[in-house]
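Got chain A; can you put chains B, C and D on it based on the hints?
Number of protein chains: 4
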Amino acid sequence: MAATVAFAIADPGHWLAARLAAGSRMSNSSNGTGEVALIVGGGPGVSSSSARLFAREGMGVAVAARTPDKPVLEALEAEHGVRRYACDAREPGDVAGLFEAVSKDLGVPKLVVHNIDGRVGDIFRKPITEADPQLARETILNSTISAFLVGQHAARCMLAGDLPEDGHRGTILFTNASAAFKGYPLSGAFAAASHGKSGLAQSMARELMPQGIHVVHCPIDAAIGWTREDGTRKHWLAGETRDDDMADPDRIAETYLHLHRQHRSTWTYEAVMRPWKERW
Amino acid sequence: MAATVAFAIADPGHWLAARLAAGSRMSNSSNGTGEVALIVGGGPGVSSSSARLFAREGMGVAVAARTPDKPVLEALEAEHGVRRYACDAREPGDVAGLFEAVSKDLGVPKLVVHNIDGRVGDIFRKPITEADPQLARETILNSTISAFLVGQHAARCMLAGDLPEDGHRGTILFTNASAAFKGYPLSGAFAAASHGKSGLAQSMARELMPQGIHVVHCPIDAAIGWTREDGTRKHWLAGETRDDDMADPDRIAETYLHLHRQHRSTWTYEAVMRPWKERW
Amino acid sequence: MAATVAFAIADPGHWLAARLAAGSRMSNSSNGTGEVALIVGGGPGVSSSSARLFAREGMGVAVAARTPDKPVLEALEAEHGVRRYACDAREPGDVAGLFEAVSKDLGVPKLVVHNIDGRVGDIFRKPITEADPQLARETILNSTISAFLVGQHAARCMLAGDLPEDGHRGTILFTNASAAFKGYPLSGAFAAASHGKSGLAQSMARELMPQGIHVVHCPIDAAIGWTREDGTRKHWLAGETRDDDMADPDRIAETYLHLHRQHRSTWTYEAVMRPWKERW
Amino acid sequence: MAATVAFAIADPGHWLAARLAAGSRMSNSSNGTGEVALIVGGGPGVSSSSARLFAREGMGVAVAARTPDKPVLEALEAEHGVRRYACDAREPGDVAGLFEAVSKDLGVPKLVVHNIDGRVGDIFRKPITEADPQLARETILNSTISAFLVGQHAARCMLAGDLPEDGHRGTILFTNASAAFKGYPLSGAFAAASHGKSGLAQSMARELMPQGIHVVHCPIDAAIGWTREDGTRKHWLAGETRDDDMADPDRIAETYLHLHRQHRSTWTYEAVMRPWKERW
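Chains as they are written, first to last, in the numbering used here: chain A, 865 to 1144; chain B, 865 to 1144; chain C, 865 to 1144; chain D, 865 to 1144.
Hints are not guaranteed to be accurate.
To be verified - Below, computed lysine to aspartate or glutamate pairings styled on DMTMM-like, alpha-carbon distance capped at 25 Å:
#1 A/K1046 x D/E1142
#2 D/K1046 x A/E1104
#3 A/K968 x A/D933
#4 C/K968 x C/D952
#5 D/K990 x B/E955
#6 A/K934 x A/E1104
#7 A/K934 x A/E921
#8 C/K990 x B/E1142
#9 D/K1141 x D/D1107
#10 A/K990 x C/D958
#11 D/K1046 x D/D1109
#12 B/K1046 x C/D1109
#13 C/K1046 x B/D1109
#14 C/K1046 x C/E1142
#15 A/K1141 x B/D1030
#16 D/K1141 x C/D952
#17 B/K990 x D/E1142
Simulated from the structure, these hints should not be mistaken for laboratory data.
If we strip away everything but chain A, and leave its shape as in the complex, we get:
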């Protein structure tokens, strides 16, 4: 069964109307207009913040998730004209289908964000002796393997087109965690998954930057607390944000956009972001 389809395609008119409405709210920034951004992994944090910002900047935005019919993604569509896609990013066929569909629907993506953490519930805070091997394997497949597949297809799409005048074919950005550079206790599988994604990203950077693709690795060294309807910012596990002691995903998105717009004479490969009070 073909798993990757533009969600709610049954009513394309619905999406189109939302897109047009969103368009009227866009800035007329010449930087972003016409560019297509694809965010793989869809939740209320970094993905939603990025989608909103990229849409406001005039990009056509696609978000892919295993379950694209979550309210938070439906809101992105309704309010920001973001197009939703169903995709299990561990599956080669799904990822191939996703890039094909997005390219056909919106255009070839110039900014691809891989935003999948990968952990499954019962792997959290498990001693190495007690971690379920099957969950460890899933965590690694969810994170590292999906990053490989998304990175591979993004690179293929970007390399296929003509070289733009500014030499920048596109940006592939991998969101990661502090486990990307430090293996903490009680999280062997996640450390493996996050380090693995980091190694992949670094290899891709060395290979693709000289071909005009800006590869970026952004470990977020913090819990991420997004803004709720009541104005508070919260993290499901770490509780409520106080004094900006969690990463605000709206601000992460701003740095993502800056990195995407860096000139090829001064590309930054890695940018860790952490709150001012974080211990490191």
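Showing chains B, C and D alone in chain A's frame:
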């Protein structure tokens, strides 16, 4: 002898006129207006680019150099209203005087950029067995010790004032080289100096970020090629830039500004910048 | 189907004779006598060198491999009394069976070496756009997942026993490659696999060292050239060794042994080994 | 004034007798006999432990210190035949004189250990805003500059002789602290000094290893607790050692010796040592 004075103070009217003229060219960005930026180390590359961009964004800008009467700095004054200061940044008294003078003339600096490489001519590409110990010592004093002094006074100034509503007392940014994270052969003294500055910056970041000061470390992994009057970009040693294969200091300044404006929930401590074609 | 069995168990007398003969060649080092070493991954390089050295030091040595009937492993049995086990280290059941069998046959292992590279033939030197996703996945499972399983069972075995007087329950050592700390171009999957193993090892070190298990990570930054029958040292891809420009696995084994014998007051977590001429 | 002299040279017979007595206690290890080791920086911890071990292994051992008439160094002479030298390692003339004197008295050193921390009393745990700039400068000169001078002269001596058959001209080992790789708060000057030494060592390694000199960098991530006369191990600031929770310098020396004896096909550049319970 008092070494730190606002240069050309004999004709403050001259500076004031330039400042006002520059002001009329400023964007009316509410972000920067009223902020003061101090750049220590003054040349035609990163310092000049930063000074120009910060001035355009509405900041009051000071540049300190051992010899502030270079044409390139005079041009900053004439065209962008940048104020010049004489300062030997290895000398505690000079650095103390500099911060005092800038605070009095322009206001307490909110963005301080340390932009001193430190190498002296004959230390370049010397085997460890042949490097002159006196020049090695000078290189380390020029780079690491001046960074210590500038960082210390910047922190004192920023901590002295009231805490702003956004919790961001200011930004201290250290420009560095790839020698900050990799010790290359034939450059032992420079590796020591650059690593030393890196260690200092990291210690300051862990100490000062929880007090509201954003400490940033930016190793530039490239030769820096600035734009000449004829439009070409060149580096004195590495020759002419082709296809953006050297770092464009105007673009470095853009990332500096972005880092200065990051929200305290998502501060980036370190951002390496390198051209797309650079090997690393 | 039980996949893990002591190979050639059909003739245990054969193994026992070899073991006794090897014993007569052992040093009477009191350090090693009675200790059991298990090496997972069996080839002519680091595994064989380690097995020989550990046996000479008086340890009981087990080697596990997918195909334990290779001549090189048969020679370890015949000449050094090393016991061979069949094990597909990606499979949880296989690894569980391996530790059970070794513990029963030789005793609980005190030194466990994970020595699996993981690459499969056609993944070498492939651009990210051309690497077969299935082979990338296999590479990661072979390397990172097998390391997880081996590390998990090693930790369980070591933690189950009484705490020795010197507080050292055992050593878990992960052989790795330079891809563990640097992602090279044209090797995204291997960079992911090697970084993943590195993250796992570091997490395990932080978790297990305070429980008396010395976790060690040894990236070998070189081709490995083992000594052939004619006395030359060669690598299958990199050709013949000249002037010790490849890593000699006999020397790697010496450092492994040193690390295993370090006192718990001064444990080294990571030791990169590279030839004197290697560029890094 | 010539600052570097063999201390107690007024009575060379005294030293000779001690040397001969020590010799009779030496192992007849063929590895070490005839080699000369020079340890710069002399205290009761790593320096004394190294000197004792190297002497037991049959090396001729020299220790240099600003004040070589400390009882702990006199004991090294009396009990282990270690020769003492006065040297202020920040001074180019002193260091030149030291290498000249040792080469003349004992022979050209094959193993040189730089073992100077560099901190001066009142720099400990000072906020960046309060650290005395003069003490910061002294800390950096004591550590980084002395490492430069010692490394430079060691390299000159080692490169001057014939290439030994095994291609190993000698080992230069820099003891360092965890501040070499992590800049902790309240220790900006020490972070600068330790990072600086690290950068120097890495540059020297890349330059000198291909010339046959093994450069080694050993950050000790722990307080060092040496054994007192009553058998306890203590650190002046951190108190008494319990359960091997401080680094035992006798064990550090063992790893130094192992690293010195590594084969050039598998040199380790960096080995951090930390107690099993240390947080990192």
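So, against the hints stated earlier in the document, which numbers end up violated here?
2, 16 and 17
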